[in-house]
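Asks: All you need for our numbering is the position in the sequence shown, starting with 1, plus 27.
Hints are not guaranteed to be accurate.
Derived BS3-like pairs (lysine-lysine); straight-line CA-CA distance at most 27 Å [claimed, not checked]: (1) Lys182 - Lys168; (2) Lys44 - Lys71; (3) Lys187 - Lys51; (4) Lys71 - Lys111; (5) Lys104 - Lys168; (6) Lys182 - Lys44.
By construction, these hints were calculated from the structure, which means they are not laboratory data.
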Amino acid sequence: MLANNHSLYDSSALTRKHVEEWVKNGPNNDLIEEVDNFGEYIAKTLAAAKIIIGIGHREKKVDESVTTSQIRQIFGKLKSIEAKGYGNDGTRTEFIMLKPLLAYTAGRHNKTGMERLKERVTWGIDAVLNGEGQEEVLRFKNFCKLFEAILAYHKAHGGK
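Just need the whole structure built from these sequences, with the hints factored in.
Replies: Structure follows, in structure tokens:
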């Protein structure tokens with residue numbers, strides 16, 4: 028895994044503020060651009076990461092990107108919740124349980140891209156749950172659109 032001080036460890040694309048704004052108000056052109064940049068980061072930029080390893084300070088090429096199947100595992104759970112109707116029959120609990128699934132997936136694959144995706148999705152889940160109760164269903168729908176956009180831009184930028 029990349030060291031915390033590695034230049035590719037984090038991305039300024041799609042910050043917490045951007046995620047919270049999308050979930051609260053829905054997409055706009057600036058937010059779409061942020062998601063596009065983030066999709067490129069997790070698909071392309073991290074695919075050719077180079078890190079310094081060992082005593083000899085050699086560079087090693089490592090693929091720190093996220094695969095489509097890793098994203099789709101979480102996306103599939105999200106779409107299942109959406110199909111049941113968010114807020115009905117325990118779907119809120121299922122939605123909250125995406126957090127441990129993300130943590131497991133990030134830990135299992137041990138890739139920077141998956142860790143960054145986990146952060147953004149967790150911020151989105153929190154944004155859905157924190158706010159006026161009567162608007163929670165709308166925030167959930169906005170969150171689903173955000174996740175769809177991340178998946179689409181990941182694939183558009185060559186995500187495997």
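Asks: Compare the structure with each hint and give your call.
Replies: Checked hints:
1. Lys182 - Lys168: holds, 21 Å
2. Lys44 - Lys71: Holds, at roughly 23 Å.
3. Lys187 - Lys51: violated, 30 Å
4. Lys71 - Lys111: Measuring from Cα to Cα gives roughly 34 Å; hence the hint is violated.
5. Lys104 - Lys168: holds, 14 Å
6. Lys182 - Lys44: Satisfied, since the Cα-Cα distance of roughly 24 Å is no more than 27 Å.
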